[in-house]
Each structure stands twice: as C-alpha cells, then as structure tokens.
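Q: Sequence:
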Amino acid sequence: MKKNIEILLSNKTIEVHFNKELKNHKIKVIFEIVNTYQLICVDLEIKSNNKVELSSTEIRKINIHTLIKRSIKAIESFKKIDPKDFNTKTKGMYDDNIPYTKIIKQIKDREIRDRGILLTLYAYIYQKESRNYGDNTSKRLSDLLNYSEAYIKNLTKEIFNKKYIKNNYKGSSGGILTTKSLKYLNSL
Numbered sequence: 021m022k023k024n025i026e027i028l029l030s031n032k033t034i035e036v037h038f039n040k041e042l043k044n045h046k047i048k049v050i051f052e053i054v055n056t057y058q059l060i061c062v063d064l065e066i067k068s069n070n071k072v073e074l075s076s077t078e079i080r081k082i083n084i085h086t087l088i089k090r091s092i093k094a095i096e097s098f099k100k101i102d103p104k105d106f107n108t109k110t111k112g113m114y115d116d117n118i119p120y121t122k123i124i125k126q127i128k129d130r131e132i133r134d135r136g137i138l139l140t141l142y143a144y145i146y147q148k149e150s151r152n153y154g155d156n157t158s159k160r161l162s163d164l165l166n167y168s169e170a171y172i173k174n175l176t177k178e179i180f181n182k183k184y185i186k187n188n189y190k191g192s193s194g195g196i197l198t199t200k201s202l203k204y205l206n207s208l
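Counting in my numbering, the sequence shown tops out at residue 208, every number present.
If you are wondering where the hints come from, they were derived from the structure by calculation, not from laboratory data.
Glycine included, every Cβ here is placed at the ideal spot set by N, Cα and C.
Don't take every hint at face value.
Simulated crosslink set (SDA-like; lysine to any residue; CA at most 20 Å straight-line) [as the list claims (entries may be wrong)]:
1. K148 with D105
2. K173 with I196
3. K99 with D115
4. K46 with L64
5. K186 with N152
FRET-style restraints, in silico, Cβ to Cβ [said to hold, decoys possible]:
6. N44 with T86: 16 to 22 Å
7. S97 with S207: 25 to 31 Å
8. K32 with P119: 23 to 29 Å
9. Y120 with I82: 28 to 34 Å
10. I66 with D115: 29 to 35 Å
11. S168 with N31: 52 to 58 Å
12. K173 with S207: 25 to 31 Å
Go ahead and model the full structure; you've got the sequences and the hints to work with.
A: Dropping the structure here:
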C-alpha cells in the first residue's frame, strides 16, 4: 500500500509526493534549500499513473497554496520525527531549530533593546508568517506580536530598506533572509 505523502530528500532539494490527491495522478512539489532557515518551491509536477488524461475539473480541484503549505508541514513533521536521518540526507543544509514561540514572546514583551537584533528576529518571523497566504500579513503580525499595524508596516519597510531581507523572490513569499540576518540567526 502506497503512502498518501512521500518525502524524498537529497542534499539541495526536497521532494514531496502526493499520491492520492488526484485519482490516477501523482503530484510532486519540489523545494530547494536556500539557506538554513528557508525553502523555496521551485517546481510542481502532475504525472499520470496510468496514462489517464488530466481533466480541467481535476485541475480546478488543486489548490497550489494549500499543497505548498501541506508540503512544508510534512517536511517539518518528518524533520521532527527523524532529525538524524533528515540532517544526514540534507547534509545539515536545512536546520531551522530557532525557538519560534520564544522569539515571539521576547518581541511581544519588548525585551529586545538592540535594534539590529529586533530587525533580524522580525525578518525571520515576517518570512515565516508570510508562508501563511490568505490574509493580511501586517494584521496577522500585529495580532501575533502585540504591536499596532502601523508600527508593523514601518518595521517591514525597515527590514527591506536596511537589507535584513531581500525583496520577494520567485517561489518565496516574504523574501529571502540576507547574510546580515543569517549571521545573527546562526549565533542563536
């Protein structure tokens, strides 16, 4: 019996196969490891299992954003279940072990005094939360971090202007963390 979701790891890419999403078809979502904290969806393939034509009705059933989110959740779950195997197969290139809730609490409680550290951590949270498509990122971050929406928008402008994060990149919502941000995040 085939699993519904299969994850294949190689050093620079991670493939997530959805075997039962569409009848008689297999969906493959391919991610590239950009840095230790980020994945980018670079390809999505639909292959027929037995040379059955894909109808337009079946195509409409596919929600790409949901597939990407489910893929990332599956990758994160796999990483938590077997971290040793995951790190061996990816050669430690994707090792997002930052205590997310702890960082959110520090920002929410206004414990961080160094502006550079605040911007680095905000850039990390911004790119992480931007994966949750659907609604207004500023509103979600405002509720999450307990800051006004106007202040969140100013922080977002500042992380882009001061190059803590690069502009949105194809396949990556929220942008790519820069070396400036990565240096601090790696020291955590």
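Q: Is K186 close enough to N152, meaning Cα to Cα at most 20 Å?
A: Distance ~19 Å between K186 and N152 Cα, so the pair holds.
Q: The hint says 29 to 35 Å between I66 and D115; measuring C-beta to C-beta, is that right?
A: Holds: the Cβ-Cβ distance is about 31 Å, inside 29 to 35 Å.
Q: Is 28 to 34 Å a correct range for the gap between the Cβ atoms of Y120 and I82?
A: 29 Å, holds
Q: Are K32 and P119 spaced within 23 to 29 Å by their CB atoms?
A: 26 Å, holds
Q: Decide if the proposed pair is consistent with the structure: K173 and I196, CA atoms, cutoff 20 Å inclusive.
A: It holds: about 18 Å lies between the C-alpha atoms, which stays within 20 Å.
Q: Does K46 pair with L64 here, judged by a C-alpha cut-off of 20 Å?
A: The hint holds at about 11 Å.
Q: Is 16 to 22 Å right for how far apart the beta carbons of N44 and T86 are?
A: For N44 and T86 the Cβ distance comes to about 20 Å; the hint holds.
Q: For the pair we were handed, K99 and D115, check the Cα-Cα distance against 20 Å.
A: Holds - the C-alpha atoms of D115 and K99 are around 9 Å apart, at most 20 Å.
Q: Do S97 and S207 keep their Cβ atoms within the hinted range of 25 to 31 Å?
A: Because 27 Å falls inside the window, the suggested range holds.
Q: If I claimed the Cβ atoms of S168 and N31 lie 52 to 58 Å apart, would that claim hold in this structure?
A: Violated, at about 43 Å.
Q: Does D105 lie within 20 Å of K148 when you go C-alpha to C-alpha?
A: 24 Å, violated
Q: Between the beta carbons of K173 and S207, is the distance compatible with 25 to 31 Å?
A: Roughly 28 Å apart at Cβ, these two residues keep to the hinted range, so it holds.
Of the hints listed earlier, those the structure fails to meet are numbers 1, 11, in rising order.
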